[in-house]
Amino acid sequence: MAPRALAIGRGWPGRLAALCVAGFLLAPLGAVLWRAGGAGWPGAADWAAVRFTLVQAVLSAAISAALAVPVARALARRRFRLRGAYVALMGAPFILPVIVAVMGLVVVFGRGGWINDLLGLAGLGPVSIYGLHGVVLAHVFFNLPLAVRLILQGWQEIPGERFRLAAQLGAGPAEIRRLLEWPMLRRVLPGVCAVIFAICLTSFAVALTLGGGPRSTTVELAIYQAFRFEFDLGRAAMLSVIQFAMVTLAGLAALRLSRGEGFGTGFDRVVPRWDARGRWLRLADGAWLVVTGVFLLGPLAAVAWRGLPGLDAMPASVWTAARASLAVALGATGVTMGLTLAMALARRGWVELIGLAPLAASPLVLGSGLFLLLNPVANPASLALAVTMAVNVVMALPFALRIVGPAVAGVEADYGRLADSLAMRGAARLRWLVLPRIRRPLGFAAGLTAALSMGDLGVIALFADPERATLPLTIFRLIGAYRMEAAAGASLLLLALSFGLFALFDHGGRWRADT
Amino acid sequence: MLTLEALDIRQGDFRLRADWSVAAGDRVALIGPSGAGKSTLLSVVAGFFAAASGRVLWDGRDLTGAAPGERPVAMLFQDGNLFPHLTAAQNVGLGIRPDLRLAPADKARVAEALARVGLEGYGARKPGALSGGQQSRVALARVLVQSRPLLLLDEPFSALGPALRAEMLDLVAGLCAEKGATLLMVSHAPEDAQRIADRLVLVDEGVAEAPVATAEAFARPSDRLRRYLG
Chain A
1 MAPRALAIGR GWPGRLAALC VAGFLLAPLG AVLWRAGGAG WPGAADWAAV
51 RFTLVQAVLS AAISAALAVP VARALARRRF RLRGAYVALM GAPFILPVIV
101 AVMGLVVVFG RGGWINDLLG LAGLGPVSIY GLHGVVLAHV FFNLPLAVRL
151 ILQGWQEIPG ERFRLAAQLG AGPAEIRRLL EWPMLRRVLP GVCAVIFAIC
201 LTSFAVALTL GGGPRSTTVE LAIYQAFRFE FDLGRAAMLS VIQFAMVTLA
251 GLAALRLSRG EGFGTGFDRV VPRWDARGRW LRLADGAWLV VTGVFLLGPL
301 AAVAWRGLPG LDAMPASVWT AARASLAVAL GATGVTMGLT LAMALARRGW
351 VELIGLAPLA ASPLVLGSGL FLLLNPVANP ASLALAVTMA VNVVMALPFA
401 LRIVGPAVAG VEADYGRLAD SLAMRGAARL RWLVLPRIRR PLGFAAGLTA
451 ALSMGDLGVI ALFADPERAT LPLTIFRLIG AYRMEAAAGA SLLLLALSFG
501 LFALFDHGGR WRADT
Chain B
1 MLTLEALDIR QGDFRLRADW SVAAGDRVAL IGPSGAGKST LLSVVAGFFA
51 AASGRVLWDG RDLTGAAPGE RPVAMLFQDG NLFPHLTAAQ NVGLGIRPDL
101 RLAPADKARV AEALARVGLE GYGARKPGAL SGGQQSRVAL ARVLVQSRPL
151 LLLDEPFSAL GPALRAEMLD LVAGLCAEKG ATLLMVSHAP EDAQRIADRL
201 VLVDEGVAEA PVATAEAFAR PSDRLRRYLG
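Taken in sequence, the protein lines are chains A and B.
So that you can map any letter, position 267 of the first sequence is 267 in UniProt numbering, and since no number is skipped, the others follow by simple counting.
So that you can map any letter, position 155 of the second sequence is 155 in UniProt numbering, and since no number is skipped, the others follow by simple counting.
Among these hints, one or two may not hold up.
What the hints assert, rightly or not - Between beta-carbon pairs, the in silico distance windows are:
1. A/A327 <-> B/R61: 47 to 57 Å
2. A/A327 <-> B/S34: 17 to 27 Å
3. B/G174 <-> A/R510: 40 to 50 Å
4. B/S131 <-> A/L26: 24 to 34 Å
5. A/W319 <-> B/Q78: 36 to 46 Å
6. A/G338 <-> B/L57: 23 to 33 Å
7. B/D99 <-> A/A409: 38 to 48 Å
8. A/R512 <-> B/D79: 34 to 44 Å
9. A/N375 <-> B/D99: 41 to 51 Å
10. A/A409 <-> B/D223: 52 to 62 Å
If you're looking for bench data, these hints aren't it; they were derived computationally from the structure.
Note that this is a predicted model, so its numbers are computed, not measured.
All C-beta atoms in this analysis are idealised placements derived from N, C-alpha and C, irrespective of residue type, glycine included.
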């Protein structure tokens, strides 16, 4: 096919959208830098926060990746009835609200939790879920499934012919490992670790709920504390600069080392294998799958178990917050899809780059900057929900763009010339060509955005006053007030709303999509 | 009249020159080995690819730089001529209005065009529910309502069997005669060219030669044509 030498002048909405996103990312950063100029150098507590942030991120990445290898291997070489559901479960934490998972982990691992009950029966002292190991536990809970998906992708990219050839040569599990699996892992694992490290660096809600105290404060949490408790804007700005530097470096490393987010299809394919038929290997694979499944489903079951009776104990503020969260999530979804479409249609390299830039942004740094910008002109608390929505939009944008962008490019490659020859431009092209053909990825991206926004506990914590809250923040406050029944009930509600929104949009995209 | 004025097409190492014109209503077949640039030449006329130098003129109007949809051109590609998510009637309707805001009179024209290609009553079907030949007919119905004076065919019927292909070519010849349209078609099969084209352009060795009468060309082929036909 001849290259498109005659580019048609379209895509200004996408370029405008990209400029808006860039401005939204850079203006708060400028405010932070400007404000940090007058602040002092980091003190001992600040360096401790940096150290803790790095240590927990390294541990979380290493443990998640190490545990994911045997699980991914078991998924790659075993065929069983619920395999599809199991792989789907590996995608669930992406749309699981952090506060809900924390609630579940507290019920299972917390002071009065199931594990401690068992330990007590065995005559062992209680273990605490708070501090470094709690933060790492929660991060492993969230990132182990992601690691499994990314590594499984690597396994499935080994051509089936190689396994056939290896079997033909009489290679056993050890040789397969050395010849095929280890080289793949050496290629894939650095990226997996880098992605998880970057995610854990910016994780705020986990540190907020399970960390805290001078020994287990992350930089994000320190920014929040400087804001909320000390109202030391200079220190918050200084910490934001440190966080920005760390996150940018980690984000760039992750982008360089990794390839995609593991949303890829084709996970249902199992390559026929002739090695690993031994009984012990079968048992070991089964054990890995069962233990991981229990580890992931246990906390969710705990939320349902404790939450059902808790539904009655919920105060009215929960329903108000649920309505606010729904409005924020739906608003963020609408705006994100608009930006995503515009930027995907522009099909320019720099536009896409700006769309990915939020991956290297920290929500709390963004929030700090917005606070500094808004504070002189308005009461930040009155804008809490709007700011939360805007930050949700930019944080979801990279994911949405990576899902929708390739679909739009595919439509243009397949039907662009026909549409050009029929003079289909602008709204007509969008309505009659692009939208009908990208319904599925668009619905999927909208579902992810809605669920992410619904469950987000980030900048809202900086901006909110007692009257205004999203549902995740309300749950956090209920936990803080030791109203565990009500918190569990609200968690169950949030879980249902997040997964419900995702399912609604995702199925909406598939419904009658006969293309 | 279509004029290719000192056209020089370059694409990497590839080069193709053309400098000739075709009278309105002529039916011209472009033949030549694959990779010679037949499709690329059509792309330049349709506005998908810019020539390095030279101009494309229609009745004296310079088309260089005009967007594909603004040219007096209707084109059918090798595949993907219909949008699979739209009905046959919608696919045809796009030839009248790209935003599909069709007045009752437009809808009547769509139905008429479908009837003309033998698909009366098939308007509500989507391409997936039509046979290959029927899909080609829908595309031709759209060409019909587009009413563009210049029709470009880039082997749209190559996936059809010989009988069906001959049927489609006869239909094309009929439509061109009805509308007085000029036809430029790429062809791999000399018998297709003989069937409906009254002029022949040999595209080979970097040159698209000036058109010659088809009957003449096959009766007394030039050295180059003989080499191609074998």
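Each hint, compared with the structure:
no. : hint                          : verdict
1   : A/A327 <-> B/R61: 47 to 57 Å  : holds (55 Å)
2   : A/A327 <-> B/S34: 17 to 27 Å  : violated (59 Å)
3   : B/G174 <-> A/R510: 40 to 50 Å : holds (43 Å)
4   : B/S131 <-> A/L26: 24 to 34 Å  : violated (56 Å)
5   : A/W319 <-> B/Q78: 36 to 46 Å  : violated (59 Å)
6   : A/G338 <-> B/L57: 23 to 33 Å  : violated (42 Å)
7   : B/D99 <-> A/A409: 38 to 48 Å  : violated (23 Å)
8   : A/R512 <-> B/D79: 34 to 44 Å  : violated (25 Å)
9   : A/N375 <-> B/D99: 41 to 51 Å  : holds (47 Å)
10  : A/A409 <-> B/D223: 52 to 62 Å : violated (46 Å)
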